[in-house]
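Novice: Each chain is listed here by its residues.
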Amino acid sequence: MVTSWTRFRRDKTAIAGLAVITLIVAAAALAPLLAPFDPSFQAVDGLTADGSPVPPNGEFWLGTDLLGRDLLSRMIFGARNSLIIGLVANGASVLIGTTLGVTAGYLGGYVGAALMRLTDLVMAFPALLLAVALAAILGSSLWIVAAVIAMVNWVQIARVIYTQTTALSSYDYIEAARALGAGTPRILVQHLIPHLLPTVLVHATLGIATTVLLEAMLSFLGVGVQPPEPSWGGIIFESQSYFLNAPWLVFFPGIAIILVALSFNLVGDSLRDALDPTQRGRS
Amino acid sequence: MIRYLAKRAAWSLLILIGVSAITFAINFVIPSDPVALIAARSATKADRDRLRHELWLDRPVIVQYGHYMAGVLQGDLGRSYKRKTQVGEQIMARLPATLVLMVAAIAFELLIGLPAGLFAARRRGSNADKTAMTLSFIGVSAPQFVTGLILFYIFAYWLSWLPSGGYGAANVILPAVTLGIAGGGWYSRMMRSSMVDVLRQDYIRTARAKGLDERSVLFVHAFRNAVLPIIAMIGLDVGIFMSGVVVVESVYGWPGIGQLMWQAIQDRDIPIIMGVTLTAAIFIVLGNLLADLIAPLIDPRIRLR
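Each protein sequence line maps, in turn, to chains Y and E.
This note's numbering applies: residue 1 is where the first sequence begins, and numbers increase by one.
This note's numbering applies: residue 284 is where the second sequence begins, and numbers increase by one.
Rather than coming from a laboratory, the hints here were simulated on the basis of the structure.
All clues stand as given, with none of them false.
Restraint ranges, calculated between C-beta atoms of paired labels, are given here:
1) Gly108(Y) <-> Tyr440(E): 55 to 65 angstroms
2) Ala26(Y) <-> Tyr440(E): 30 to 40 angstroms
3) Gln546(E) <-> Tyr171(Y): 49 to 59 angstroms
4) Gln546(E) <-> Thr163(Y): 38 to 48 angstroms
Covered stretches of chain E, going by a simulated chain Y footprint (3 or more residues, C-beta under 8 angstroms):
5) 415-426
6) 521-529
7) 537-550
Reference listing, derived: stretches of chain E covered by chain Y, where coverage requires no fewer than 3 residues with Cβ under 8 angstroms from a Cβ of chain Y:
8) 294-305
9) 433-440
Remember, predicted model here, so these are calculated numbers, not experimental data.
A virtual CB, placed ideally from N, CA and C, is assigned to each residue, including glycine.
Chain E with its partners taken away, still in its complex shape (with noise of 0.2 angstroms):
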């Protein structure tokens, strides 16, 4: 077990050093000039010069990468180019709103996904369960800003039943609700899967022949293990939720990185949404460290390797 921790520990420390390779690449290798994109238009020759210094980009590559990544270990992730902030200060004081999101909102998808799955698992083959499993794929082929400005339109404009932005307890609930629809979809399909999957075990026909009602056969003996294998891919889920929440949260004014991201796209910031890349990318890569743990956890016959 340690050896098998110690090993995904490594696994993923190796990958975010592959991501910050990246990000500095789109960072400073690939814009053929920061500093054109930084000074000021009016800044002359030595103004230049002075700031392509301070940059380090007079000096070799790989030396660049080496003080970018002495600066990310520190928490500096460079300055906005618009604003002139640091980028990481600006990260950390948006985190917990994205975080408060990311938790409402797997909430919903949950809510929504897994009692859809174990419906339609249970009416296999009805048109039920072909109804069901449409509905989902229509929640899985809505772009999210489309679903956000529809939900915003009826239910904050129309109806005005909710705030239309903002931060609060209220406010949380529409970027959740659209963030969990797509997701939703996924796991009512997942959970469908998993469910018919179970029901075909010989425990379950056991279950059904010592004459326990359907209900607790369902929902004591089958439910329980149907559900596991799905809640250890919430932790795969981070990649999905990382891009949903720059739409959401700029469509809805939810003050977190993904707002912030939005703002940097428009002002073509690139510190900021490379910054914001190398956050989500932390997450991610957490995330997947999280279902590679919990997934032996849950069954016992996955091999640690």
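Extracted from the complex, chain Y is given alone in its bound form (with noise of 0.2 angstroms):
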């Protein structure tokens, strides 16, 4: 581990993108001691005379929205939903994933198999729009959008965690550990999932910018997170219709959005360098 550390740390972009994951996240644990106004508070110079959102200005540093509450706050309160919402479901989705998948490819045979037709089912169907339709059945709570995208997105990680699990139970250490008389639960715990945790970690930390996008999206379409409840691609939602006059109304929600998946993307790139040399620079 020493010299994986020390691999990732040598990454600058990677430390940067860590970096700003740590000032997002404390900045959502801390909303309501950072945030200038409470996120649903209409100032009363909130808008101008003629109705429309303040430009970012000394006060509202961020500039104001269509119903005239600072843009900062909302942004605050919404990395809280956006990061929730991309842990619990990316928690979700790598915790199906890596049991159906070590299950599958420990079993192997037609249990495998059978994993493997599901998985092509549920890839054949466009991510996005299974999500915005479930949404639009269920109604939309942040936690039937956690659930929504981890129902979509445990493909990928099971199909890793498979391939790999089918590759390390032909080995012969598997092999002698059974002829030793450890039992299945002994081999999975002690000889197997170890070997997949690095793999389970790099996808964990990729799989988090995927579900932030995701969760950007389904809120862009009105089926994420619900008004009044800020998050940054509702933001995006509500403002549309007036971005033309009130561009920092979509550009500084973007650009959290594109740093925040960013960042987890550099960090789970570098993670993949760090801790498998034979994957360098083939990624």
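Starting from the two chains in their separate frames, assemble the complex, guided by the hints.
Specialist: Printed below as a string of structure tokens:
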């Protein structure tokens, strides 16, 4: 692990990504302390005389939205929703994908084939459209959005873990462990899962970028986090019709989404290089 | 070869049956009462019962599915709740626009991705390589609605170089570039790793050893082999593309199935949502089939299973 950490530390873009993630997680955690206003507070001077939003100024650092609410405060509280959905949905995807992948890979045969066919089926579905349809029918709360994302997102990791487990299971050391009398749970926990952890870690990191983007897209389509609850995609959805006059309402939340997704992608990519030297420079 | 083709085609068909079962379930099984969604508020109980009978909702689920499938096979995807028009007809009317956008977007993807990947692979490990790969990650990490709105603001509104919406040759540029930026990010990464692999091969060393200049080594010997696996992947890209058009077509008012989908989402018009989803799934399955067929043609080492 020491050498992996050294390799990771050398990658400056990944360290920058980690710094951005830390900052945004801190902002989300300390939202009530950091946000200058309540996210649903409609300031008296939050709209101009003709009722349009106020551009960024000394009082409202990032300007105000169509209802005269402080954009910075809404974005800080929105970070909470985006990150919670990102973590919960991605955590569930990783858990489902890893469990199914390990089980199918270890048992092999028909069970393995059945899992792969199931992933083929889910992958034939346009993920976003499926998520949209489910969210439109089930209604959209924070947890439903997270569940919907998890339902379409577990597939990739399941396939990767399946392939790896299949390869690992055929190694002699597994055979040796079995010959020495180790039972299935022991083989899984002691001999298989530790070798899978780096892959799981890499995919869990990259997966947060995917889930944050998916959540933003659902909210932008109006089936994600519902107003007045703030979310980055939702802010852009609400301001879309007015954005030529108030471009900051699209620009700032847009930058926030890109920064978070980019940071998790950079960190995940660098983790892959650091944890698996044979993959260096190949991805 | 024939056996392989038949196997892939049969599997594609099975996938489509599975997909249709899911769209059917989302259409008719999950909503607690589709009639409540469709019927006017003033409808009497008799009206509702007649509607229920017309929609086959008073029959067992398996019969309903049979009826739904019989319709789907004849191109009947049901009626829109909102507009009372045939979903199938609406989709067919809008499909050509989406296909035009798809071709233009793939062209831009490759136009951005291939040169960027080639450039990065040639200067592997340099700062230029790192910059190019970080840029590609920005392309991948930017949601298409953000890229779309920002490009719209700059090129259509601020500079007014390009039309802000509608259907036409100049109008396709902005939506295609928006889709191309995200896809180009992926293609540049794949192109880079494919090129790095090829440049390690012995025949490249031979080409250099016999004194060929670097340009013909790169473009004649390396590029042609590196680009083939990337071309084979275009078929796998359809799914990502189908999600992208919903956002991009609605931002630019491009009259394809994405815009239809966007409107249906706002109206919660489930038959249209499921019709577009099924159409998209058909294209995804066809794309995968195409990729399966092209792969062994390009690389004979791939075993035909």
